[in-house]
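Protein chains: 2
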Amino acid sequence: MQFLRATLAAGLLLAGLALPAAAQSSTAKTDSLNIRKLYDEALLRGQSYENLRYLTGQIGGRLSGSPQAEQAVQWGKQVMEKMGLDRVYLQEVMVPHWERGAKEKAEAKPGKGKPVSFNVCALGGSVGGKLKAQVVEVQSLPELRALPAEQVKGKIVFFNRPMNPTYIETGRAYGEAGDQRRSGAAEAAKRGAIGALVRSLSLAHDDFPHTGTMRYEDGVTRVPAAALSTNGADQLSALLKANPTLTFELEMSCRELPDVKSYNVVGEIKGSKYPNEIITVGGHLDSWDLAQGAHDDGTGCVQSMEVLRLLKATGLRPERTVRAVLFMNEENGNRGGLKYAELAKAAGEQHLAAMESDGGGFTPRGFGIEGPAATVRQLQQWQPLFQPYGSGEIAPGHGGTDIGPLKDQAKVLIGYECDSQRYFDIHHTAADTFDKVNRRELELGNASMAALVYLLSKYGL
Amino acid sequence: MQFLRATLAAGLLLAGLALPAAAQSSTAKTDSLNIRKLYDEALLRGQSYENLRYLTGQIGGRLSGSPQAEQAVQWGKQVMEKMGLDRVYLQEVMVPHWERGAKEKAEAKPGKGKPVSFNVCALGGSVGGKLKAQVVEVQSLPELRALPAEQVKGKIVFFNRPMNPTYIETGRAYGEAGDQRRSGAAEAAKRGAIGALVRSLSLAHDDFPHTGTMRYEDGVTRVPAAALSTNGADQLSALLKANPTLTFELEMSCRELPDVKSYNVVGEIKGSKYPNEIITVGGHLDSWDLAQGAHDDGTGCVQSMEVLRLLKATGLRPERTVRAVLFMNEENGNRGGLKYAELAKAAGEQHLAAMESDGGGFTPRGFGIEGPAATVRQLQQWQPLFQPYGSGEIAPGHGGTDIGPLKDQAKVLIGYECDSQRYFDIHHTAADTFDKVNRRELELGNASMAALVYLLSKYGL
Numbered sequence: 001m002q003f004l005r006a007t008l009a010a011g012l013l014l015a016g017l018a019l020p021a022a023a024q025s026s027t028a029k030t031d032s033l034n035i036r037k038l039y040d041e042a043l044l045r046g047q048s049y050e051n052l053r054y055l056t057g058q059i060g061g062r063l064s065g066s067p068q069a070e071q072a073v074q075w076g077k078q079v080m081e082k083m084g085l086d087r088v089y090l091q092e093v094m095v096p097h098w099e100r101g102a103k104e105k106a107e108a109k110p111g112k113g114k115p116v117s118f119n120v121c122a123l124g125g126s127v128g129g130k131l132k133a134q135v136v137e138v139q140s141l142p143e144l145r146a147l148p149a150e151q152v153k154g155k156i157v158f159f160n161r162p163m164n165p166t167y168i169e170t171g172r173a174y175g176e177a178g179d180q181r182r183s184g185a186a187e188a189a190k191r192g193a194i195g196a197l198v199r200s201l202s203l204a205h206d207d208f209p210h211t212g213t214m215r216y217e218d219g220v221t222r223v224p225a226a227a228l229s230t231n232g233a234d235q236l237s238a239l240l241k242a243n244p245t246l247t248f249e250l251e252m253s254c255r256e257l258p259d260v261k262s263y264n265v266v267g268e269i270k271g272s273k274y275p276n277e278i279i280t281v282g283g284h285l286d287s288w289d290l291a292q293g294a295h296d297d298g299t300g301c302v303q304s305m306e307v308l309r310l311l312k313a314t315g316l317r318p319e320r321t322v323r324a325v326l327f328m329n330e331e332n333g334n335r336g337g338l339k340y341a342e343l344a345k346a347a348g349e350q351h352l353a354a355m356e357s358d359g360g361g362f363t364p365r366g367f368g369i370e371g372p373a374a375t376v377r378q379l380q381q382w383q384p385l386f387q388p389y390g391s392g393e394i395a396p397g398h399g400g401t402d403i404g405p406l407k408d409q410a411k412v413l414i415g416y417e418c419d420s421q422r423y424f425d426i427h428h429t430a431a432d433t434f435d436k437v438n439r440r441e442l443e444l445g446n447a448s449m450a451a452l453v454y455l456l457s458k459y460g461l
Numbered sequence: 001m002q003f004l005r006a007t008l009a010a011g012l013l014l015a016g017l018a019l020p021a022a023a024q025s026s027t028a029k030t031d032s033l034n035i036r037k038l039y040d041e042a043l044l045r046g047q048s049y050e051n052l053r054y055l056t057g058q059i060g061g062r063l064s065g066s067p068q069a070e071q072a073v074q075w076g077k078q079v080m081e082k083m084g085l086d087r088v089y090l091q092e093v094m095v096p097h098w099e100r101g102a103k104e105k106a107e108a109k110p111g112k113g114k115p116v117s118f119n120v121c122a123l124g125g126s127v128g129g130k131l132k133a134q135v136v137e138v139q140s141l142p143e144l145r146a147l148p149a150e151q152v153k154g155k156i157v158f159f160n161r162p163m164n165p166t167y168i169e170t171g172r173a174y175g176e177a178g179d180q181r182r183s184g185a186a187e188a189a190k191r192g193a194i195g196a197l198v199r200s201l202s203l204a205h206d207d208f209p210h211t212g213t214m215r216y217e218d219g220v221t222r223v224p225a226a227a228l229s230t231n232g233a234d235q236l237s238a239l240l241k242a243n244p245t246l247t248f249e250l251e252m253s254c255r256e257l258p259d260v261k262s263y264n265v266v267g268e269i270k271g272s273k274y275p276n277e278i279i280t281v282g283g284h285l286d287s288w289d290l291a292q293g294a295h296d297d298g299t300g301c302v303q304s305m306e307v308l309r310l311l312k313a314t315g316l317r318p319e320r321t322v323r324a325v326l327f328m329n330e331e332n333g334n335r336g337g338l339k340y341a342e343l344a345k346a347a348g349e350q351h352l353a354a355m356e357s358d359g360g361g362f363t364p365r366g367f368g369i370e371g372p373a374a375t376v377r378q379l380q381q382w383q384p385l386f387q388p389y390g391s392g393e394i395a396p397g398h399g400g401t402d403i404g405p406l407k408d409q410a411k412v413l414i415g416y417e418c419d420s421q422r423y424f425d426i427h428h429t430a431a432d433t434f435d436k437v438n439r440r441e442l443e444l445g446n447a448s449m450a451a452l453v454y455l456l457s458k459y460g461l
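In the order they appear, the protein sequences are chains D and V.
As numbered in the UniProt record's numbering, residues 1 to 461 make up the first sequence, in order.
As numbered in the UniProt record's numbering, residues 1 to 461 make up the second sequence, in order.
Bound conformation, chain D alone (with noise of 0.2 Å):
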C-alpha cells in the first residue's frame, strides 16, 4: 500500500469524527471528549501491555491450585497497591487442584506397520493411567449411543467431530463441538469403554493439542481423557481406516490433589457520589498449565487493572464505585466467581454492573449485554460513542462465567467483546503466548472497557 489511500482516508475519517446529530448536546459532547482522553492514555501511556509480558513471561502458566497462581495473586495485589486505588483487598476461596503430572505418552500401533507417535495432553479434570485397547471413532455424543455395546466395551472411543468453520462467530463453533470435551469421557464409561480421545476445538490444522475442562458422573467409572490436535485427529482417522484394528496406547500421569487455598484479587475506586452502587470489570488470573495464558486471560486480568489507571491517570473519577476483579479458577470451577457473588450478598452489595473480558485481547467490536431488553437498548444508545473506535457492536449477549453468578445480584452483566477468528487456534494450548498479543489491539479494548465503565458509573442505570 502506497500513500494515496491512506491520506485520502485520513480526511474521510475525520469528516466521519463529526458527532452523529443524536450525540449533539453539550452532555454527549463532553462524553466524547472524555472518552477520547481514556483512548489516548491507553494508547500514548498505557501500562497492560507491559504488566501482560510479566504475567506471562515471569509467572507463566498458572493453573489453580499451583505455585503460579499464588504467584499470580501477589503480583496482582502489588500491581494494584502501586496504583494508588483506594482499597485493595484477597477474598480467600478454596479452589480445585488438579495437576497434569510428567507423562503423556501416546501412540498408535497398526498391525505391522511402525507405531505412530502423538501429541497427546490430558483434559483438565481426567485421571491418569495406562491404557492399551482398539479405537472406535464417533462424530458425536448421539453416534456413539447408538452403537451396539460390544463396539464401545474395552475400547477407548474417539470423538473426532470438527468445529464448525462456517460460523462467523467461533465461540459458537466451540460451544456446539464442546460436549465431547466435557462429557465425552462419562458417556464412554457408560458404554464401557475404557477412555476418550476428544479432537481438539480449534479451527486451525496444527500440531497443538487443547486442554480444557472435562466432568465426570457420580456412579460412572473414571476413563482417562485426552486431546489430540487437529492434525493428529485427522491422521488417527485416516489410521483407523486403513487399520480398523489397530491398538492405541496412552499413558497419563495427571491426578486430582485435595483443594487449596486461592483467592480473588479486587482493587477499587470509590465512588464520589454513589459510593454504595458496585460497577464491576474483570478477568480470570487462572490459565491452563500448557503455556503463558496469555489471550486467556491475562489479558483480561491487565485490562481491567488499566480500566482503574485509565480512570485515575485521566481524572476522571467515577461517581459510582468501579472494582477490578482478577478472579481465581475460571477454567475448572468457577469457585472466584462463585465465591465473589457469595460475599457481595452477604455484605448486601448493590451491583449496577459487572463487565469481564474473557475472548481474548485482539481488536474491540463491541460488548455483548446479558440483561432487560430495557437496558440494552439503553446502552445501544451510546453506540454513536463507540463507533468512531470501531467498537459499537452492542446487542444483546452473555456477560462471562465469572461474573454469571451475579446474574441475580447486578442490574447488567457485560461481556467485553473483541475479534474472535484467532482466539480458539491457540486457546488452552501452548502456543497461548505473550506474542500472540498485539499491543495496539489490547490497549484498544482497554479504553473501550474504561469508556463504558466512565459512562455507567456517571449515568447509572
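There may be inaccurate statements among the hints.
Stated by the list, open to error - Under the rule of at most 25 Å between Cα atoms (straight-line distance), these lysine to aspartate or glutamate pairs were calculated in the DMTMM-like manner:
id : chain 1 : residue 1 : chain 2 : residue 2
1  : D       : Lys436    : V       : Asp206
2  : V       : Lys436    : D       : Asp206
3  : D       : Lys312    : D       : Glu50
4  : V       : Lys29     : D       : Glu393
5  : D       : Lys29     : V       : Glu393
6  : V       : Lys103    : V       : Asp234
7  : V       : Lys37     : D       : Glu176
8  : D       : Lys436    : V       : Glu50
To be verified - A few chain D residues facing chain V, derived, Cβ under 8 Å:
id : residue
9  : Asp40
10 : Leu43
11 : Leu44
12 : Tyr54
13 : Gln58
14 : Pro165
15 : Thr166
16 : Ile168
17 : Leu203
18 : Ala346
19 : Tyr389
20 : Arg422
21 : Arg440
Hints are computed from structural coordinates only; laboratory data are not their basis.
These figures come from a predicted structure and were not determined experimentally.
All C-beta atoms, glycine included, are put in the ideal place defined by N, C-alpha and C.
Given the structure of chain D, go ahead and fit chain V onto it with the hints provided.
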C-alpha cells in the same frame, strides 16, 4: 473461556441472523442465501490460503523488474487458467527496475565511544553511495526548512517523527508521517545535506527497518536515503543527545536499472446479461524485496482470484463481466494501474466498478466507497446483508492505488477494508511473511468481496 458464554452467544447469534425488516423481500432473501453460499464455499473449500502459501513461499519477494516478479506473473496466469475462466490474458507494461544490491551498512561513531551498528534498508528508488557525516535530527519537513543552512550543509538529515499512535485508523497515521519518507531526501538535498535517514513508518517498537518508495526532484542532487527501525531511530536519537557531533557512516549499493517489460495478469468471467459492463477486482502482484509480500499484497492477489472461483463454484454466474486483475508495480510507479486504465479507455470498455484489496488480509470490516453520494447510499442499502458477517461498515472512503487511474472511467471505486491494527507493524519489512496471515480472516475477506461483486453484478449501479 469456558462453554457457557460461547453456547449462549451462539443462540443469540442465530437469533441475530434473522434479516432486518428492510431486507425481508424475497429478492433480499435470495441474496442473503446466495451470500451465505459464498461464505460457506470460502470457509469450507477456500483455495486462497494455499495459493498464498505458494506465492510467498515458492516465489517470495517480487519487486517490479525482478525475476521473482516475472515468476509471479506466470504463476498468476497458470492459477487462473486452471480455474476454467472465460478468458485469461496478460497486459504488457514497462516497469522501473530498482535493485537493492548486496550492501546495506550503517554505523554511528560517537567521539570516544565504541561504534554502534544499525539495521538499515535503502528506501525504494534511492541512489547508492558511501557517506560519512554528522547527523542533524528533525521531526518534520517544516522544522528542516526552518534550520539555518550551515546546520544542514554537508550533513545527514535524520527525520524522526513517529506515526501518531492515537489515531484509531492506522492508515491515517501512516499517511501523515509519510512525507518524511517520500520527500525527505529531496528536501534535505535542497539544503545541502548529503543523505537522509528516516524513522520507519511503523507503530511497533522493533528492529525491522521498513522500506517504501521515495521521490527525487528534477534539478536537485540525488542523495542516498535509508530507513532505520523504530528501535534504531530511538537509539540514534539518544546517542545524538549524548554526543551531537557523532559521525554516521552509511554505505548502500542500491541502483536504478533500465525499465523492464512486465505484465498485469487478467482473468475474466463474461457477464451473462450485460457482458459489456465490467466489474474489476484486484490487488498488486509486485511487492517490496525484503520479505514475502504476504499482506502487501499477496493477500489482495489471492483474494481477487478467489472471488472468481467462489462465483464459479457456487454457480452464481454474474450478469455483468467480472475481472480479477493482478496489477504490476503498485509499489514504485503504479505503471500497471495506469496501463490497465489506458487500455480500458482505448478499448471503449465500460467500467461499472473497480474494487481493490491492498490493506492486508485481516478480519474484514467493510468497504470504503469512492464515488457520488448517491452511489454510497445505494451501496449502504446492502449493509444488512453484510452485518451478520461483521463486514457491514460501508462508508465514503478510498478505492486503491492500482484502480485509482480508473476514477473517471468507473462509476465507483471501492476499497476492501479490514482490521488495520497490525498492518503497519509488518508492512514493507522482512516480517511481512505468510505466517502472519490467518486463514479464516483471509477467507472471510474473500467472501465479503465476492458478496459485493455478486450484488453489483446483479443490480448494477
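The hints, checked one at a time:
1. D:Lys436 with V:Asp206: At roughly 15 Å apart (the allowed maximum being 25 Å), Asp206 (chain V) and Lys436 (chain D) satisfy the hint.
2. V:Lys436 with D:Asp206: Between Lys436 (chain V) and Asp206 (chain D) the Cα gap is close to 15 Å, so the pair holds against 25 Å.
3. D:Lys312 with D:Glu50: The hint holds at about 18 Å.
4. V:Lys29 with D:Glu393: holds (24 Å)
5. D:Lys29 with V:Glu393: holds (24 Å)
6. V:Lys103 with V:Asp234: holds (23 Å)
7. V:Lys37 with D:Glu176: holds (21 Å)
8. D:Lys436 with V:Glu50: holds (22 Å)
9. Asp40: holds (5 Å)
10. Leu43: holds (5 Å)
11. Leu44: holds (6 Å)
12. Tyr54: violated (17 Å)
13. Gln58: This hint is violated: Gln58 (chain D) lies away from chain V, its Cβ roughly 20 Å from the closest one there, beyond 8 Å.
14. Pro165: holds (5 Å)
15. Thr166: holds (5 Å)
16. Ile168: holds (5 Å)
17. Leu203: holds (6 Å)
18. Ala346: violated (24 Å)
19. Tyr389: holds (5 Å)
20. Arg422: With Cβ-Cβ at 6 Å, under 8 Å, it holds.
21. Arg440: holds (5 Å)
In terms of the numbered hints stated before, the structure departs from hints 12, 13 and 18, listed from lowest to highest.
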